[in-house]
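Listed below, chain by chain, are the residues.
There are 2 protein chains.
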Amino acid sequence: MVAPESSRLWRRLMTLAEIGAIPGGGVDRQALTEGEASGWRLVIGWGREAGLHPATDAAGNLFLVLPGRDRAVAPVLLGSHLDTQPTGGRFDGAAGVLAALDAVTDLAASGRVPERDCVVVAWMNEEGSRFAPGMMGSEAFCGVRDLAAIRAVRDADGITVGDALDRFLAGFPDLPRRPLAAPVAAYLELHIEQGPVLEAAGCPVGIVTGIQGKKTVSVCLSGAEGHAGTLAMPERRDAVAAFARCAVALHAAIGGLDPAIKFTIGRVQVTPNAPSVIAREVRFSIDLRHPDNAVLDAAGARIAPLCAAEAAPCTVAVTPLVTAPSNAFDPVLRERIGRAAADLGFRAMPLLSAAGHDARHLAGLCPSAMIFVPCRAGISHAPAEWAEPADLAAGTAVLARLLHDLAFATALPLAGPPG
Amino acid sequence: MVAPESSRLWRRLMTLAEIGAIPGGGVDRQALTEGEASGWRLVIGWGREAGLHPATDAAGNLFLVLPGRDRAVAPVLLGSHLDTQPTGGRFDGAAGVLAALDAVTDLAASGRVPERDCVVVAWMNEEGSRFAPGMMGSEAFCGVRDLAAIRAVRDADGITVGDALDRFLAGFPDLPRRPLAAPVAAYLELHIEQGPVLEAAGCPVGIVTGIQGKKTVSVCLSGAEGHAGTLAMPERRDAVAAFARCAVALHAAIGGLDPAIKFTIGRVQVTPNAPSVIAREVRFSIDLRHPDNAVLDAAGARIAPLCAAEAAPCTVAVTPLVTAPSNAFDPVLRERIGRAAADLGFRAMPLLSAAGHDARHLAGLCPSAMIFVPCRAGISHAPAEWAEPADLAAGTAVLARLLHDLAFATALPLAGPPG
Numbered sequence: 031m032v033a034p035e036s037s038r039l040w041r042r043l044m045t046l047a048e049i050g051a052i053p054g055g056g057v058d059r060q061a062l063t064e065g066e067a068s069g070w071r072l073v074i075g076w077g078r079e080a081g082l083h084p085a086t087d088a089a090g091n092l093f094l095v096l097p098g099r100d101r102a103v104a105p106v107l108l109g110s111h112l113d114t115q116p117t118g119g120r121f122d123g124a125a126g127v128l129a130a131l132d133a134v135t136d137l138a139a140s141g142r143v144p145e146r147d148c149v150v151v152a153w154m155n156e157e158g159s160r161f162a163p164g165m166m167g168s169e170a171f172c173g174v175r176d177l178a179a180i181r182a183v184r185d186a187d188g189i190t191v192g193d194a195l196d197r198f199l200a201g202f203p204d205l206p207r208r209p210l211a212a213p214v215a216a217y218l219e220l221h222i223e224q225g226p227v228l229e230a231a232g233c234p235v236g237i238v239t240g241i242q243g244k245k246t247v248s249v250c251l252s253g254a255e256g257h258a259g260t261l262a263m264p265e266r267r268d269a270v271a272a273f274a275r276c277a278v279a280l281h282a283a284i285g286g287l288d289p290a291i292k293f294t295i296g297r298v299q300v301t302p303n304a305p306s307v308i309a310r311e312v313r314f315s316i317d318l319r320h321p322d323n324a325v326l327d328a329a330g331a332r333i334a335p336l337c338a339a340e341a342a343p344c345t346v347a348v349t350p351l352v353t354a355p356s357n358a359f360d361p362v363l364r365e366r367i368g369r370a371a372a373d374l375g376f377r378a379m380p381l382l383s384a385a386g387h388d389a390r391h392l393a394g395l396c397p398s399a400m401i402f403v404p405c406r407a408g409i410s411h412a413p414a415e416w417a418e419p420a421d422l423a424a425g426t427a428v429l430a431r432l433l434h435d436l437a438f439a440t441a442l443p444l445a446g447p448p449g
Numbered sequence: 031m032v033a034p035e036s037s038r039l040w041r042r043l044m045t046l047a048e049i050g051a052i053p054g055g056g057v058d059r060q061a062l063t064e065g066e067a068s069g070w071r072l073v074i075g076w077g078r079e080a081g082l083h084p085a086t087d088a089a090g091n092l093f094l095v096l097p098g099r100d101r102a103v104a105p106v107l108l109g110s111h112l113d114t115q116p117t118g119g120r121f122d123g124a125a126g127v128l129a130a131l132d133a134v135t136d137l138a139a140s141g142r143v144p145e146r147d148c149v150v151v152a153w154m155n156e157e158g159s160r161f162a163p164g165m166m167g168s169e170a171f172c173g174v175r176d177l178a179a180i181r182a183v184r185d186a187d188g189i190t191v192g193d194a195l196d197r198f199l200a201g202f203p204d205l206p207r208r209p210l211a212a213p214v215a216a217y218l219e220l221h222i223e224q225g226p227v228l229e230a231a232g233c234p235v236g237i238v239t240g241i242q243g244k245k246t247v248s249v250c251l252s253g254a255e256g257h258a259g260t261l262a263m264p265e266r267r268d269a270v271a272a273f274a275r276c277a278v279a280l281h282a283a284i285g286g287l288d289p290a291i292k293f294t295i296g297r298v299q300v301t302p303n304a305p306s307v308i309a310r311e312v313r314f315s316i317d318l319r320h321p322d323n324a325v326l327d328a329a330g331a332r333i334a335p336l337c338a339a340e341a342a343p344c345t346v347a348v349t350p351l352v353t354a355p356s357n358a359f360d361p362v363l364r365e366r367i368g369r370a371a372a373d374l375g376f377r378a379m380p381l382l383s384a385a386g387h388d389a390r391h392l393a394g395l396c397p398s399a400m401i402f403v404p405c406r407a408g409i410s411h412a413p414a415e416w417a418e419p420a421d422l423a424a425g426t427a428v429l430a431r432l433l434h435d436l437a438f439a440t441a442l443p444l445a446g447p448p449g
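First to last, the sequence lines map onto chains B and G.
Counting the first sequence from 1 gives a position; the working numbering is that position plus 30.
Counting the second sequence from 1 gives a position; the working numbering is that position plus 30.
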């Protein structure tokens with residue numbers, strides 16, 4: 031038995047983390063960049079070694095296909111994403127893609143041909159940091175969002191997803207294109223928890239019950255530019271001052287609503303952003319999450335009136351970007367995750383995902399499930415992000431067991447427990 | 031008599047404003063950029079037409095010299111700056127340089143040789159928007175700040191003043207270098223008021239009594255990065271939330287101190303500035319001004335304790351950048367400005383400058399004075415900045431009269447009025 035920290039999975043995670051490495055052990059490998067292309071080349075190479083066939087689609091998702099006996103039936107998909115936040119960690123996304131590759135590689139090496147195709151997937155732009163909002167690849171694949179609308183989104187430099195995607199895929203001219211919105215038999219995703227629950231409980235395996243609801247909103251405050259040394263205070267329409275009042279009011283009213291709410295202003299863009307110029311505009315992002323859709327909607331509805339009350343003498347425009355209600359994962363697959371963990375001797379517990387994942391969209395297309403592994407102190411989206419090799423090995427073993435169930439089942443979806 | 035809007039001065043102002051033109055009639059021509067170099071080439075060309083000799087110095091100031099009879103005596107300097115804010119106007123700085131060029135051009139055309147050199151100057155980086163804080167050229171020239179320290183300052187892309195300056199001056203290899211800190215007989219600067227006083231009073235000429243005191247401060251709030259969807263609100267150290275509390279408290283306590291105070295947070299930089307990442311750091315600028323040095327000092331002293339009280343659980347570091355006490359301009363030159371305006375039939379009134387100017391530093395080196403012209407609605411540092419052609423012509427005529435006094439005086443400084 032290989033020690034977890036000497037395993038193929040762990041070595042590959044650390045190798046992949048060298049692409050886009052930043053100080054403190056973190057990774058900056060944003061969507062459709064040269065860094066992500068390098069990640070693709072590495073992962074495609076590992077897939078080819080295992081006999082898998084790489085492919086892509088019009089949305090820039092990456093697939094590694096182990097062909098099944100009957101190519102005509104819907105495949106099992108399993109994976110996550112390879113892109114990171116600008117100051118992200120080594121595990122968010124990458125762990126799920128490489129765990130899936132590990133499981134499919136072992137299946138291929140067993141010599142037994144599965145009933146159906148087993149496909150490792152890396153979704154395009156899960157993070158949404160370069161092009162907001164994220165989960166573009168899974169949204170396009172699942173028909174949640176039109177690809178033309180996704181292609182029109184621009185990054186901070188004005189580059190569209192369409193241009194970045196065409197350039198990115200031009201670097202992989204030999205990859206066949208799979209259709210979008212093709213039938214899928216089941217979807218599995220392993221991910222670090224990005225919260226403190228599993229670590230605190232001493233559980234290496236989390237059975238994800240669902241994903242908490244999320245709203246993202248963009249707010250634009252418009253004032254008037256002026257000279258910092260000359261314009262009297264009462265005559266100013268200072269967008270930074272208005273932003274500060276709005277942010278304090280929003281944090282107090284929404285951030286303090288109940289213990290389960292998450293309220294974040296993560297991006298603030300000031301124009302012209304010069305020390306001696308009164309700002310004429312501030313655009314800021316709101317990320318709001320709650321497991322209860324009614325609370326989420328009620329909190330979201332307060333954003334515009336709170337801003338309107340505080341913004342004067344500036345004007346305010348509130349633009350909703352994403353509303354993703356909370357969802358529940360497939361109960362049969364959840365039961366199977368628990369059974370697999372028990373068979374393998376790992377403690378497991380159910381928990382809600384506080385973070386969003388591509389599995390949210392797949393769950394609308396096919397029976398889907400997620401396996402969480404603990405991460406240290408709940409830290410994620412930061413260089414200090416860390417998962418223990420043994421926990422990743424446990425989660426991957428459970429994923430492999432579930433893949434085996436699905437790969438060789440003659441009929442899907444799997445039936446639930448009797449009674 | 032040429033109508034003011036058909037004059038050489040006005041046509042040149044409009045031509046110069048095409049370099050770095052931005053929508054709405056504004057200008058983006060920041061220090062040591064290709065745009066400023068184009069401005070230099072234009073102004074040097076006009077100076078050469080008038081028989082002036084261009085030169086520079088180690089701090090990247092531009093000089094256009096009309097030689098006097100005695101080259102050994104200290105020259106008269108007159109000018110302003112050619113750089114602008116990123117969303118600046120057509121008059122701030124440019125009006126002063128081109129008015130000075132107009133006055134010296136007329137003097138040269140008269141055929142009479144002045145007693146001493148008369149030198150048009152455009153100071154390097156008055157605005158301080160690309161490299162903060164500003165007034166670098168006049169500070170280096172006057173020995174207020176060491177050139178080595180200035181050269182080490184970096185812009186947002188990490189480029190130092192030193193590197194930008196060396197590259198900029200390499201584009202002007204034929205310009206002789208004048209020494210820094212050479213004696214100056216007197217300094218005159220025309221500028222738009224950047225406030226509403228002259229317009230409201232219907233006065234085309236302002237006799238600037240002095241410049242209000244200014245402090246600039248940089249504040250850094252440090253928290254901890256985290257995932258917007260997972261980290262519970264009480265466990266966060268959100269630098270944006272801390273910024274909002276600090277900004278509200280600072281505006282209330284300092285911005286509301288008295289009617290004469292000016293308090294501005296114009297620049298806010300969030301790290302990593304991604305919608306779904308709790309910010310680990312916010313750096314922001316404070317620009318604080320008041321005509322009374324005691325009030326300025328007392329207000330400045332409140333910044334650090336106010337931030338410390340609001341920043342928790344983030345930590346705060348407050349770095350003072352500039353403290354420029356209020357100053358008074360030379361009383362003899364002020365009296366001469368009033369007399370020149372009266373002789374020419376223009377209404378004139380004394381007023382304090384709310385904005386900082388290079389003349390602040392020159393006033394420590396030699397007798398100095400400033401002439402203000404009105405600008406519409408007090409708007410400056412914005413594309414809507416506007417000055418009437420007739421007001422600019424009036425201010426320039428007064429400047430030319432004063433230049434004449436200084437150019438032909440056999441002894442400087444000028445004597446005050448009798449009694």
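Don't take every hint at face value.
[Said to hold, decoys possible] Partial selection, computed: residues in chain G whose CB lies under 7 Å from chain B:
#: 1; residue: Q224
#: 2; residue: A279
#: 3; residue: A282
#: 4; residue: A283
#: 5; residue: G285
[Claimed, not checked] Partial list, derived from the structure: chain G residues whose beta carbon lies under 7 Å from chain B:
#: 6; residue: A33
#: 7; residue: S37
#: 8; residue: R38
#: 9; residue: P116
#: 10; residue: A271
#: 11; residue: I295
#: 12; residue: R297
#: 13; residue: L381
#: 14; residue: A385
[To be verified] Here chain B is said to cover these stretches of chain G; the calculated rule only asks that three of the stretch's residues, wherever they fall, bring their Cβ under 8 Å from a Cβ of chain B:
#: 15; region: 78 to 84
#: 16; region: 157 to 165
Hints were generated in silico from the structure; no laboratory data involved.
C-beta: ideal position from N, C-alpha, C; glycine also.
Outcome of the hint check:
no.: 1; hint: Q224; result: 4 Å, holds
no.: 2; hint: A279; result: 9 Å, violated
no.: 3; hint: A282; result: 10 Å, violated
no.: 4; hint: A283; result: 13 Å, violated
no.: 5; hint: G285; result: 5 Å, holds
no.: 6; hint: A33; result: 29 Å, violated
no.: 7; hint: S37; result: 26 Å, violated
no.: 8; hint: R38; result: 28 Å, violated
no.: 9; hint: P116; result: 5 Å, holds
no.: 10; hint: A271; result: 5 Å, holds
no.: 11; hint: I295; result: 5 Å, holds
no.: 12; hint: R297; result: 5 Å, holds
no.: 13; hint: L381; result: 11 Å, violated
no.: 14; hint: A385; result: 4 Å, holds
no.: 15; hint: 78 to 84; result: violated (count 0)
no.: 16; hint: 157 to 165; result: holds (count 6)
In terms of the numbered hints stated before, the structure departs from hints 2, 3, 4, 6, 7, 8, 13 and 15, listed from lowest to highest.
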